[in-house]
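Add chain L to chain F, keeping to what the hints say.
Just so you know, the sequences run in chain order F and L.
For the first sequence, our numbering assigns the number -11 to the initial residue and increments by one for each residue that follows.
For the second sequence, our numbering assigns the number -11 to the initial residue and increments by one for each residue that follows.
Hints in this document: simulated from the structure, not taken from any laboratory.
Heads up, the beta-carbon is just placed ideally off N, CA and C, and yes, glycines get one too.
There may be inaccurate statements among the hints.
Covered by chain F, per the in silico footprint, the following chain L stretches (three or more residues, Cβ under 8 Å) [claimed, not checked]:
(1) 48 to 60
(2) 69 to 83
(3) 195 to 205
(4) 427 to 441
Here are a few chain F residues that face chain L, going by a calculated C-beta distance under 8 Å [as the list claims (entries may be wrong)]:
(5) 27
(6) 31
(7) 53
(8) 103
(9) 104
(10) 106
(11) 198
(12) 200
(13) 231
(14) 334
(15) 335
(16) 338
(17) 340
(18) 424
(19) 430
What follows is each chain in one-letter form.
There are 2 protein chains.
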Amino acid sequence: MPSFAASPRHPLFRPLLALAAALLAPALATAAEPSARLVKEATELRDRALAEGNAWQHAWSLTTEVGPRPAGSAADRAAVAWALANLAELGFDDIRPQPVEVTAWERGTAEVRITAPFPQPLVATALGRSVGTPEAGIEAPVVRFESLAELEAAKPEQVRGRIVFIDERMERARDGSGYGPAVQKRSRGPSVAAERGAVALVIRSVGTSNDRVAHTGGLRYAEGIPRIPAFAVSNPDADLIGGQFASGEEVRLYLYSSARMLGPARSANIIADIRGAEKPDEIVIMGAHLDSWDLGTGAQDNATGVAILMETARFIAMMPGRPARTVRLVLYANEERGLDGSRTYTAAAMESEARHVVGIEADGGAGVIYRFDSGVAEHAFPVIEAMQGVLEPLGIEAGDNSAIGGADLSTLRERGMPVLSLRHDATEYFDLHHTANDTLATVDPEALKQAVAAYAAVVWIAANVEGDFGEFPKN
Amino acid sequence: MPSFAASPRHPLFRPLLALAAALLAPALATAAEPSARLVKEATELRDRALAEGNAWQHAWSLTTEVGPRPAGSAADRAAVAWALANLAELGFDDIRPQPVEVTAWERGTAEVRITAPFPQPLVATALGRSVGTPEAGIEAPVVRFESLAELEAAKPEQVRGRIVFIDERMERARDGSGYGPAVQKRSRGPSVAAERGAVALVIRSVGTSNDRVAHTGGLRYAEGIPRIPAFAVSNPDADLIGGQFASGEEVRLYLYSSARMLGPARSANIIADIRGAEKPDEIVIMGAHLDSWDLGTGAQDNATGVAILMETARFIAMMPGRPARTVRLVLYANEERGLDGSRTYTAAAMESEARHVVGIEADGGAGVIYRFDSGVAEHAFPVIEAMQGVLEPLGIEAGDNSAIGGADLSTLRERGMPVLSLRHDATEYFDLHHTANDTLATVDPEALKQAVAAYAAVVWIAANVEGDFGEFPKN
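So here's chain F without its partners, still in its complex pose (with noise of 0.2 Å):
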């Protein structure tokens, strides 16, 4: 998924440095406007797109055929040949799979029951990479803590030999801004817990639903601090922890999960080429990962974005010729407990003497594009708002220039690559996100229609524009 840092805006940022841009533009060889042509195609397959848009099928059979597939799994392997099938139907003038090795994670069972002071069940699931427990599982005290930044002040006496409880509440934000902080919980928290004694972590999930179903999602152990088994909680689970508390008396739980490790395994990103028919070697990067998350089908994350951006490549391979840059689609391994593909891909790419001209990734999810962020040179803001012209009557919002990309693309832009960024509405996306109701029944097949048409017109100028888009600024 992309990152959801919440983007100041700047009201004044952009129509001064495109004034100055513009000024500036005739001594810049790399800056240009758009053709009109350009914008007319480019409105034009935004249209089609939008008319004949069928996204829904591919994440319909992706999630039907394939269903959940965790890198490393016999699904992965499945789904992989299912990229390779379905994408020799698009039109693209070369693909082909890039080994990628992973390492496998099994989440197991788990079992998570409130032993005291009043008995209950509870819904959990283990963290992406955590150890299990021991066979007989843990039973201990429960200590409570309101944020991480609480645990990480709290003393060794406070947390050894306990379970520690980290009741942080996500926020829901259409910007999905609330994901951010609340993450460092999950993939820091193990560590920090671990650290000061503690013999296991629970979470409240990192989500804002008030549904019964926890929040899977990657931990990140730190080298040299033991390795504790840490769990997610549901909201509702959440509360019914803390609830326990009103008593006075002392609170504790039961652990038990299965969770392990296995070996290394062969995965693959898969790369799709249109080929460039006047500089095949300048790349535009669409990135979206294939792999998911096992407790639902992936649908949302991120089925709807391989099939956005299959869809996206197929109506680009049916314009009357060739783009004039190569667009490429990446559909990469293992992003959601390694970003395995994603360093594959650039190492390899480093090597070769494609340039990457700019990059766009599809993993937010499926709701509405609402907003067009940009990081990319200030020379290249005319075409951003040549861009956003072709945008708005989809609905979306100019913003602004401080865009990163999603995760995948983040080797590439640490390289300096800029990017392009069509938000999705993320205001309802982390009531499911890495959770059973990861589900096509949660998509909207209309808001893939306009996210397709909003791809369509964005990559189409990016590959045809003459002038490029610089440099990732650096800040």
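Relative to the frame of chain F, chain L by itself:
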């Protein structure tokens, strides 16, 4: 829960009959308009409950300190103890448990997978009272039916040796009227399928949510027909099964369940009286079931019903004087798996000299009350009109005389007891009904205040009005 039969509205019916009743009133010894003083008392009681009611606290306590409480379980016994302790603080004149023998059932664990054509795991749960599968599970081809009716019309050779999948979808409605038709496949489906030679039954959940949580609920095995294991899958999981058939290939499922009936167990109804000052043997009965399904915490089904009536009783007990009639709260045992408490209570009531003048049940979830229905003799319509006048400012519309009350009161209604019915908005109730999502997180405390205000006003008038409600109308 109450019967959610569609109640046909007769716009002309009520005014005409009210007129008839008014004309006939002088001739009927048992009918009377409530006095202005009684209406004023009820209005003040309504306003006090609306301002000060805290049913949420009772529901919090029951769901947090007891949690799920399936009949016959240790938690069911804890719920009985909880009720005895908590009712003691509400001002009743008499509180006593009434032993009830129930049959306990254990859900065990369930595993359901698509094995062909496209393997993936599903989220499923056993139906209540279902037998389990053999230890090795059942793997068999699936035959899909659009409805129970279609299954009933099927030839045995279509069904024999197969797993029957009934894919019928429940309709969402404010009055919950989708439940009655949809529930047939759950209660009768297992024996209909078994009679035709099916090895197991899987149904699309009787529920309206797109969450990946299955709705449990009781089945009824018919006598003399083999008992086959029966499961519900969530709506998205039903979509996944249905989607497999698009391939044209044979669809196969693997089913495992360790569900089993346990032996008889002890439970109890709790009977709590506010004794009538003038006619202690005339009873206005308020009923709610104390047991729950095991997947959620039984919040809307039925901790809130219990809580609403507890709080209603508390406000009535706070009145300056006792009501003319006895106001009785009955917390029923084992509504969900057989109405054992209802039958036990009514059998004993038939032996007693007390008369159940009218009954009202709270088992329709925690939605706002939007309508008031009755099932009373025509001579009582002026009383219903007066009650409606007090309810109107709470946003409750006038209904009709088609109410049949809830499941626990059905055994008294069948013996002629008239009923009153405050209808909770059930638009969203069947998203969570009988699922893990039935937790307190779904409950709006403000809606509970409105409910207590409504129940208190209605019950106060019923317990004090001159004249009675006659017999439940025969159609």
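Right, here's what the structure says about each hint:
1. 48 to 60: Check passed, 7 qualifying residues.
2. 69 to 83: With 0 residues closer than 8 Å to chain F, the region 69 to 83 of chain L misses the three-residue bar; violated.
3. 195 to 205: Result for this restraint: holds, n = 4.
4. 427 to 441: holds (count 4)
5. 27: Status violated, d = 39 Å.
6. 31: 35 Å, violated
7. 53: 5 Å, holds
8. 103: 12 Å, violated
9. 104: 12 Å, violated
10. 106: This interface hint holds because 5 Å falls under the 8 Å limit.
11. 198: 4 Å, holds
12. 200: Holds: closest Cβ of chain L sits about 4 Å from residue 200 of chain F, inside 8 Å.
13. 231: Check passed: Cβ of residue 231 of chain F comes within 4 Å of chain L, closer than 8 Å.
14. 334: 31 Å, violated
15. 335: Because about 32 Å separates residue 335 of chain F from the closest Cβ in chain L, which is outside the 8 Å limit, the hint is violated.
16. 338: With a closest approach of 37 Å, the residue 338 of chain F hint is violated.
17. 340: Check failed: Cβ of residue 340 of chain F comes no nearer than 36 Å to chain L, outside 8 Å.
18. 424: 4 Å, holds
19. 430: Hint holds; residue 430 of chain F Cβ to chain L Cβ min 6 Å, cut 8 Å.
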